[in-house]
Every structure is written in structure tokens, then in C-alpha cells.
Amino acid sequence: MTSSLPDVIFVEDDDALRTGASQALELEGVSVAAFADARAALEAIDPDFPGVVVSDVRLPGMDGIEFFERLTSLDDGMQVIFTTAHGDVDMAVNAMKNGAADFFPKPYSVSRLAHSIRRALEQRALTIENRKLRARLGEQSTGQMIGRSPASLRLERIVREVARTDADLLLQGDAGTGKSHLARQIHDLGTRADRPFVVIDAGIFANEEADLLLYGRDPSVALSRSGMVERANGGTLVLDSIEQVPARASARLISLIDSRSFLALGAERPRPIDVRIIATTTGEKSATEATRSNVRGLLNRLSGITVALPPLNERREDIPEFFRLFVSEYEQSLGRRASAVSEAEWHHLIT
Numbered sequence: 001m002t003s004s005l006p007d008v009i010f011v012e013d014d015d016a017l018r019t020g021a022s023q024a025l026e027l028e029g030v031s032v033a034a035f036a037d038a039r040a041a042l043e044a045i046d047p048d049f050p051g052v053v054v055s056d057v058r059l060p061g062m063d064g065i066e067f068f069e070r071l072t073s074l075d076d077g078m079q080v081i082f083t084t085a086h087g088d089v090d091m092a093v094n095a096m097k098n099g100a101a102d103f104f105p106k107p108y109s110v111s112r113l114a115h116s117i118r119r120a121l122e123q124r125a126l127t128i129e130n131r132k133l134r135a136r137l138g139e140q141s142t143g144q145m146i147g148r149s150p151a152s153l154r155l156e157r158i159v160r161e162v163a164r165t166d167a168d169l170l171l172q173g174d175a176g177t178g179k180s181h182l183a184r185q186i187h188d189l190g191t192r193a194d195r196p197f198v199v200i201d202a203g204i205f206a207n208e209e210a211d212l213l214l215y216g217r218d219p220s221v222a223l224s225r226s227g228m229v230e231r232a233n234g235g236t237l238v239l240d241s242i243e244q245v246p247a248r249a250s251a252r253l254i255s256l257i258d259s260r261s262f263l264a265l266g267a268e269r270p271r272p273i274d275v276r277i278i279a280t281t282t283g284e285k286s287a288t289e290a291t292r293s294n295v296r297g298l299l300n301r302l303s304g305i306t307v308a309l310p311p312l313n314e315r316r317e318d319i320p321e322f323f324r325l326f327v328s329e330y331e332q333s334l335g336r337r338a339s340a341v342s343e344a345e346w347h348h349l350i351t
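Heads up, the sequence shown is in this note's numbering, so the first residue is 1 and it goes up one at a time.
Hints were generated in silico from the structure; no laboratory data involved. Predicted model, so just to flag it, every value in this text is computed and none were measured. Cβ coordinates follow ideal geometry from the N, Cα and C atoms, glycine included. Do not rely on the hints blindly, as some may be mistaken.
Computed Cβ-Cβ distance ranges for the label pairs, DEER-style [unchecked claim]:
{"#": "1", "residue 1": "D37", "residue 2": "A175", "range": "53 to 63 Å"}
{"#": "2", "residue 1": "M228", "residue 2": "R157", "range": "30 to 40 Å"}
{"#": "3", "residue 1": "D14", "residue 2": "D90", "range": "53 to 63 Å"}
{"#": "4", "residue 1": "G77", "residue 2": "G283", "range": "33 to 43 Å"}
{"#": "5", "residue 1": "G297", "residue 2": "P320", "range": "35 to 45 Å"}
{"#": "6", "residue 1": "Y108", "residue 2": "D194", "range": "54 to 64 Å"}
From just these sequences and the hints, can you work out the full model?
Encoded structure:
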């Protein structure tokens, strides 16, 4: 396709309707490339097409349903909107069940169609953004990190050095600078890459069964179970946001760090554990007065190697990439898709 890609590939065999609807969509601010048949349209579409396909169901030669199947085999994230005569509504509804974005019975409102196209364009943009992000994350599994700013490149060199060691680490940086993601990168680059990676978030300590979740119940007692610490054996244990660890819990963590052993509930003696510990923190100043002295004890034990993450105002060009990463993670955890980000919103993020 040309470098100036249309918003819409519009397929309609009725000459008058194709011309009239295309012109009306252009007036709505939607750029259109119009085709009289599906085969010609298909030749103009590749898997990276960022636009939307609007197609009649009834077409000469290849009909709209076969066209839809060809498009989804090309890219199952393609956004397709059907227009249909009254008798073909059931076919269009079935297509929507199989992934079509919308359908409009004829005669239809062009302004409503344009509104649906804009929604589909946002969805398509999100699909492509996420695909690029997943590809980038795939590259990172071989060692490439997020961020290409000078500050991020300096951080990458440091990370590659510390990943080769098996020493405990403290990752310190402002909220949103990617500490948890960096912990995973260090694990993946290190000698324990094929071993467990377990993250303990400080929020777990608010759970009344925190000790059970963390340290488990000894096999010698009823209802025995392994805890998160035991499941990390041989791999990496991440203590996320340690400045938020309450005083009552810090003593057991300090014992774990010092002795590399833990005491399960109901156990008579500690059990040894082989883990590399990576802690993340925004710093002692973020701790409350009640927890500050205990946090200082944790920080002192883990700060032998400290990696300071540069603040985002030193790497503004990386902000869109971090934003896409966080959005992708939340989408996966919530099972929902976020809307696409406008140019104005991107500008606001990085200024």
C-alpha cells in the first residue's frame, strides 16, 4: 500500500452507494479507499494495515463473509464492519459473534457509521501497539530492556553487570520507573533464569494469613502447604516495595535474609532456602515513622549492591514505552482493553 494509508477500506459493489458513502465519510473526516469487489480490496491489505475494513455482505465473486474469513486469517485483530441489506442481518450478526466489530443495515446513517469507524480505529491502534510491545518484550527476554534514552542505556549496562553476579540487590527509584520490570530482567539475564521467579508485594502483609501465604505450613502438621518463599527455592525472590513492610513482619524477613532459612508454621526448626533476593524501594523517606527503623534494617542488609533507577524526567522519551507496558499488564490482569491514546494525551504524558 502507499505511504499515505486510508482510515478505511470501503467495499461496496453498488457504484452510486460506494461513491456517495465514500464522499460522505470523507466529509466526516475519515479517509477512504473504495473498492467494488473483495478480491481487489484484499490485495490492498497487509497484516500491518492500521485502518478499518467496511464491507457489504453481498458482493460479486468473493462475498463479505468469505472476505471476513480471509481478513481474519491474515490478522485476527483486523477490525471489520459490515453493511447489509435487511435479509442478510443474521449473517452479519453471526460474523459479529466471530469477531466483526459492528454491522449497519441499509440504509444507514453515515455519521453513525463514522462514529463506529473511529471506535474501531482506536481498537485497531491498541491492537497494533500491544503487538509491537509484545514483540519488544520478546526481544527483551534475550536481554534488551525497555527504553532507548541515554539514561536507560547507562542503566542497561549496569544491569548486565549485576545480572552476572548472584548477589542480593536493591533497586531504588521513584514510583513508575519500572523497578519490578527491571527485577524480572535481571532474573532473566542471570544464572537462575530457568528457575522460579516469585514476587512478594508489601500489600500481602495486610492479609491476616500473611505468614501462611509467605512461609507455608510444615508438612508434619495437618493441612500442610508450601509458601511463596519455599516456591522461590533455587530462583529469585523479589521483595517489592519493602519500605511498606510493617514492623511486625520485618523481623522474619531480616532473619530470612541473614540466615537464608525460614520457619514454616508448625515447624520445629528452620528450613534452608537457596534464593537470590532482589528488593525494590522508593526509599526510606517513603516509610511511615512506625516502620522507618525496621525498614532501615532491611535496607542495610540489601544495599550491598544498589541500582538507582533514573527518574522519568531524565528519560522523557521512554515514557510512552513504559506507559504501553503498564497498560498491557493491566489489560492482562483485568481482562479488558484500554482505549487508544490520542496525540494530545501522548504530548501531555511526556511534558
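Legend entry - G297 paired with P320, Cβ distance criterion 35 to 45 Å: Because 39 Å falls inside the window, the suggested range holds.
Legend entry - Cβ distance range 53 to 63 Å for D37 and A175, holds or violated: 54 Å, holds
Legend entry - G283 and G77 - C-beta distance against the hinted 33 to 43 Å: 41 Å, holds
Legend entry - Distance restraint evaluation - Y108, D194, Cβ atoms, bounds 54 to 64 Å: 56 Å, holds
Inset, instruction - Take the C-beta atom of M228 and the C-beta atom of R157, compute their distance, and say whether it sits inside 30 to 40 Å. - result: 32 Å, holds
Legend entry - Outcome of range test on Cβ distance (D14, D90; 53 to 63 Å): 21 Å, violated
When held up to the earlier numbered hints, the structure conflicts with hint 3 and nothing else.
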